[in-house]
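**Student:** Chain by chain, the residues:
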Amino acid sequence: MRMKVLVPVKRVIDANVKPRVKADGTGVELANVKMAMNPFCEIAVEEAIRLKEAGKVEEIVAVSVGPDKAQETLRTALAMGADRAILIKTDETVEPLDVAKLLKGVVEAESPEIVLLGKQAIDDDSNQTGQMLAALLGWSQGTFASKVELDGGKAKVTREVDGGLQVVDLKLPAIITTDLRLNEPRYASLPNIMKAKKKPLDEKAPGDYGVAVKARLKVLKTEEPAGRKAGIKVGSVAELVDKLKNEAGVI
Amino acid sequence: MAILLIAEHDNQSLSDQTAKALSAASRIGSDIDVLVAGKGAKAAADAAAKLSGVRKVLLAESDALAEQLAEPMADLVVSLADGYDTFVAASTTTGKNVMPRVAALLDVMQVSDVIEVVDAKTFKRPIYAGNAIQTVESTDGKRVLTVRTASFQAAGDGGSAAVESVSAPADAGLSSFVENQIAASDRPELTSARVIVSGGRALGSAEKFEEVILPLADKLGAAVGASRAAVDAGYAPNDWQVGQTGKVVAPELYIACGISGAIQHLAGMKDSKVIVAINKDEEAPIFQVADYGLVADLFEAVPELQKAL
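Sequences listed follow chains Z and E, in order.
Residue numbers for the first sequence follow this note's numbering, beginning at 1 and rising by one.
Residue numbers for the second sequence follow this note's numbering, beginning at 252 and rising by one.
Everything labelled a hint here was simulated from the structure, so no lab data went into it.
Warning: the hint list may mix true and false statements.
As the list claims (entries may be wrong) - Lysine to any residue pairs mimicking SDA-like chemistry, simulated, CA-CA at most 20 Å apart:
(1) K375(E) - L220(Z)
(2) K221(Z) - N382(E)
(3) K56(Z) - R84(Z)
(4) K171(Z) - F428(E)
(5) K218(Z) - D370(E)
(6) K69(Z) - P200(Z)
(7) K156(Z) - R2(Z)
(8) K233(Z) - E551(E)
(9) K18(Z) - Q539(E)
(10) K531(E) - A547(E)
(11) K375(E) - G25(Z)
(12) K171(Z) - A421(E)
(13) K52(Z) - N183(Z)
(14) K221(Z) - V369(E)
(15) K243(Z) - Q557(E)
(16) K375(E) - R216(Z)
(17) K375(E) - P19(Z)
(18) K69(Z) - L201(Z)
(19) K69(Z) - K204(Z)
(20) K375(E) - A226(Z)
(21) K243(Z) - R228(Z)
(22) K307(E) - V414(E)
(23) K393(E) - M252(E)
(24) K243(Z) - K524(E)
(25) K221(Z) - D391(E)
(26) K470(E) - A248(Z)
(27) K524(E) - P225(Z)
(28) K171(Z) - S146(Z)
Extracted from the complex, chain Z is given alone in its bound form (with noise of 0.2 Å):
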């Protein structure tokens, strides 16, 4: 059986930029500032790809949650090799929670077998969606993938877990989450970024998956992380042990 997979992927600050925190303590500075895929949604997309050049799946669509920016990371999974894509158009901040929702309307206007998701997005650090999502589906969950195999109906996904791996066999349909090692992703080709612009991408709003976006938690605050003061460069390897022993006293 050939399948199709769903890949969610988010726009998020380049992973290369230093984010700033407002002034205001109001939240991060977005204005002006370079935005990419988020990293382990690439690897999600990647693997995807992987799956469908081993003729395991049929079709790849990529969908995002986000303002209409957001078109330009689907143009970059298109790129990559997604097949289409869909944008569930919003200016609102969606969390964790109200993205499974929305999910759960495409996984059930689009019956894939497999949502493949990065673990977390590198602005909130949530990591919650993937798990959300399978919840809410009532489906099985593999998170934290460094190694999926399909065969026979379920995916054998190994997990990073502390202390080393996790075997686990997941029945299909089921939700995976991609960990860092899981491949490295492709850069899309100009060939491929041209085709990318021709292939479908449909516009929705999430009205149309019955969800109204709201949030739950209430931002009070964000600022920056209290700091640590550098300490004394010491002089050789004698005065650091003598300065770990007698004034740290950690040795």
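Position chain E against the provided structure of chain Z, taking the given hints into account.
**Tutor:** For chain E alone, kept in the frame of chain Z given last:
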């Protein structure tokens, strides 16, 4: 109302992550029950009963719960949900796997990686790899939290709570455990080690990492950590990774060797009591957080340090 703390354990023993998450829970309220879900986990439940501040321990045992997979764990927690308004777990890979599933089933927006409890509904948490700290207030009827245990002291022993058996819901059979591939090691666990010796990309190869970092760690009885750059380069396994995308640690002594100090690494170790940085680049950002900095070639300084101890 009451708090349900989901214990971190391997059936035989209780992880100290639970004692630390208990400290966070005790800042929210005083009626705290601990759920130990597993199989043959009586010893872990007994250990939880001894923690100071625990009202009672709920022990749920079944084949499906033996490896604490997310699907049966979430069903179990939800089956107990009526008696509680706050659900807490440590931000371990188990907690991160299970709790969002619980939250969605309860229609609650989870607060991940709590580093400070402001009040029962208001919490501080890091975003953008620790580049910013957000204070959020939950407006849901119930709260689901994961806790950065490095930010909390472990609760002590001295309790004598009762252990009560609870039954687990029928297993939906969505996923099944195949195997664990856990490297056997005599070294302490990264997240609970008193001393950590960590290596960065400057080590240059897996062989050098082993040759330079491990003897110092052995001498100190330390756990071994690595920067993401070192892990990505293949010098160290992923489960050694310290940082926002790896493990968050707070040992008494953290020795960073050849680590430049990318913000995502600092987010994972800046709560350490004493930080030592050894790096030949005196401009490296790691020196801005280090208590003791040594500008030196790590290939000379680290073996010298090992011999001097």
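**Student:** Against the earlier hints, flag every one the structure doesn't satisfy and list their numbers going up.
**Tutor:** none
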